[in-house]
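Novice: Heads up: the sequence lines are chains A and B, in that order. First residue of the first sequence? That's 177 in the numbering used here, and the numbers climb one at a time after it. First residue of the second sequence? That's 177 in the numbering used here, and the numbers climb one at a time after it.
All clues given are correct.
Intra- or inter-copy, both count: the list cannot distinguish identical chains.
Keeping only pairs whose Cα atoms sit at most 30 Å apart, straight-line, the calculated BS3-like set for lysine-lysine is: (1) Lys-522 <-> Lys-456; (2) Lys-477 <-> Lys-308; (3) Lys-250 <-> Lys-634; (4) Lys-256 <-> Lys-634; (5) Lys-548 <-> Lys-456.
Keep in mind that the hints were calculated from the coordinates and are not lab data.
Number of protein chains: 2
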Amino acid sequence: MNAPSHAHHLRPAIDLRPVPDAFINALQERFGAQCSTAMAVREQHGTDESIYETTPPSAVIYAESVQDVADAVKLAAEYKVPVIPYGAGSSLEGHLLAVQGGISIDVNRMDKVLSVNAEDLTVTVQPGITRKALNEAIKHEGLFFPIDPGADASIGGMTATRASGTNAVRYGTMRENVLALEVVTANGTVVRTGTRAKKSSAGYDLTRLMVGSEGTLGLFTEITLKLYPLPEAISAAICSFPTIEGAVRSVIQTIQLGVPIARCELIDANSVRMVNAHSKLGLREEHLLLMEFHGSPAGVKEQAETVQEIASEFGGNDFEWATTPEERTRLWTARHNAYFAAIQSKPGCRAISTDTCVPISRLADCLLDSVKEADDSGIPYFLVGHVGDGNFHFGYLIDPNNPDEHQRAEALNHALVSRALTLEGTCTGEHGVGLHKMDFLLAEAGVPAVDMMRTIKKALDPDNILNPGKIFTI
Amino acid sequence: MNAPSHAHHLRPAIDLRPVPDAFINALQERFGAQCSTAMAVREQHGTDESIYETTPPSAVIYAESVQDVADAVKLAAEYKVPVIPYGAGSSLEGHLLAVQGGISIDVNRMDKVLSVNAEDLTVTVQPGITRKALNEAIKHEGLFFPIDPGADASIGGMTATRASGTNAVRYGTMRENVLALEVVTANGTVVRTGTRAKKSSAGYDLTRLMVGSEGTLGLFTEITLKLYPLPEAISAAICSFPTIEGAVRSVIQTIQLGVPIARCELIDANSVRMVNAHSKLGLREEHLLLMEFHGSPAGVKEQAETVQEIASEFGGNDFEWATTPEERTRLWTARHNAYFAAIQSKPGCRAISTDTCVPISRLADCLLDSVKEADDSGIPYFLVGHVGDGNFHFGYLIDPNNPDEHQRAEALNHALVSRALTLEGTCTGEHGVGLHKMDFLLAEAGVPAVDMMRTIKKALDPDNILNPGKIFTI
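Isolated chain A (complex conformation) (with noise of 0.2 Å):
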């Protein structure tokens, strides 16, 4: 996907460590034309989608193998020089900056599929393929990988940040979905973590540890995932409510009836609003519920009529059906539009994204009083989310050289975390804490909770040259 441009954007804290020349030498003669310097590539990958400003790291290394990828480690580790995996580029909270400086390692050449295991419902991937180009790849064998962030990451990407997405509600996030890894770790030696057996008991997760560890203890070389069988029927349905309060309160009631919904999700009018200005989709201007039902014929019917009986006690409008695969997509790419929709309703702001996830029962205590919150602030925003599973994003449109309005924006993605937080929920339901969320990270966990994690990155990452700088400060 093609990012927004980057004109104004907020200094991370940066903090530069050496990049000797002998290194860049020493890169330069094992990578060749592997190796680049050049600043537009470099600059490339050190921008994300985050509210930060290009923060470009000395050189990139175009890896196409895991020996590549062990080789720059090696490298970086003698001479002590940050590494930082790059895929896709869709990070939201700043992952990809070079805030240490060193080097990118771009897996976009590592892009195979290894192999698939449809008796099983497992494939081995590069970390370089993105989760479309995956869902492409096998769909002749009746097989999909569910898991669906709005961008079209990459797999390793996903895996990196514990991605979820649409589908999450049913099938799960990488947590879930993810059953062994290639890992080249701090020193260069390269780690299998996992089997394909769908259970085991023997000695320590690595692969969970792996999940969601945004490139501090290792890169991913290669990811063996599940699979699920392409369901029989699928039906997705648009909802309409006259108030927010009752999409939540139909989508609570759905979750704790036990409806095993396969996508649940909540675009707010001002959403919607954008979206029909970008995409001229024409949506009814109201709060909506994006629905999708999958199962067999029958299964999808009853699962539909008892959500449309829900949402009907709660003051929403009939469904409106999306059946044929085209109609489908189109309600879908509106969904993952909207963040980029928002951003181009306000000429050069930026959107500062909010990622809490609560417990359902708690959904609309923590939703309701943080859109009145947003609305008095008078501040733009626009508001979607994965409901079913508790999660949902406000997106603050601010303008980034106005600091009263970033810094009002920040205290209402304060307020929320502290609501989400003393409701039992995180302050990152799926984006990653990166350079955003690290005094959230604190805040949530506790002291004792960080100071394990910090503890076991010393001893996994003893020089910290693994994407130093994200998730705790070391």
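With chain A held as given, fit chain B onto it using these hints.
Specialist: Okay, now just chain B, sitting in the frame of chain A:
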């Protein structure tokens, strides 16, 4: 459950560390009657269901609170004395044996349900509660906790071994069902991991690192679990097969078709004979699949019809139904008692249990060749398993005073594990590594992965006081 006689067991490798009198005195001063050094108590706590002989700790602390656990660990840390958590004593792998000396911390008095959140399908418990007691406590809410190893294990122990059991084919294992933990670490610090939110990307997944750590990284003092609504309809069936291959191929096809079967257990004809002799059940003495279907009445009927059709193709006989709760309880009790029925079938014998788990497509390759080897060996055995997960257990029944029998049984075990690893499986699906599978873990995970586990262990427990000598050597 009452342990069978432990007259003739194998001696584990023992490497006792000093337990200073001053330490025991300090424990007695802090804990009074909650501290016991009586030999009977120590022997009870140095015993489990493994093949190893009793290896008692020097003292047992009956903890009643997180403060008790933290204080006991702090004293142990001060004197560098090993600490072993003790729940139901049902480990099969020697987890509870004080092979390096030290103390046991018995958490059986910490057996409370702290909070049930029916609307979020979560519960928070203390570690000493057993799975049956938990289910008894929540059934009036219309909820259940599905993880179901054979024994009435403690939730703490099940968390420590990443346990699963008969329902895992549908509901997952402890890996998928533990949401959050309170843990006392090696220096007595209390750490909270995770939240009640369904998903999170907030830093390292400490919860999953702790699940399956076998007491070597921390002692659990609170555990938050997922719950499930009691199914609207449940039906259980037995299907007998003239050949084990027919049973196994039926299972593979059932899983590959995506039938959401809730339980799918194999009991071979040997086990059926032993169970019949032990419990007077009058089961047909062929290879049996024991199955359970959960869902709506129509859904359950549809699932059962599909599986009956598959089974018939592979020579399975007509299903015999267990429709009342009493009949179902009788059926699953028979399954859970298979181990004890087997032990009692040959006076003085011990069982060497295997625990391999392979991808479902490899199940027939792994299981059938191993059955042939076991038959050829002449060693009596039983075979049961969670075959829907690709996980099964041989129990080779040996006279522990007969080194030749023991050696031949271990040779069968080695051949089976090698086969499972070649087939991309794991040496332990659910029992854990403990004392007995350290070499297998090394063969499975490889030196770099086990080194990573050791590095984490050394960082979090530098004096190696938490259940030392288990999983790997330091």
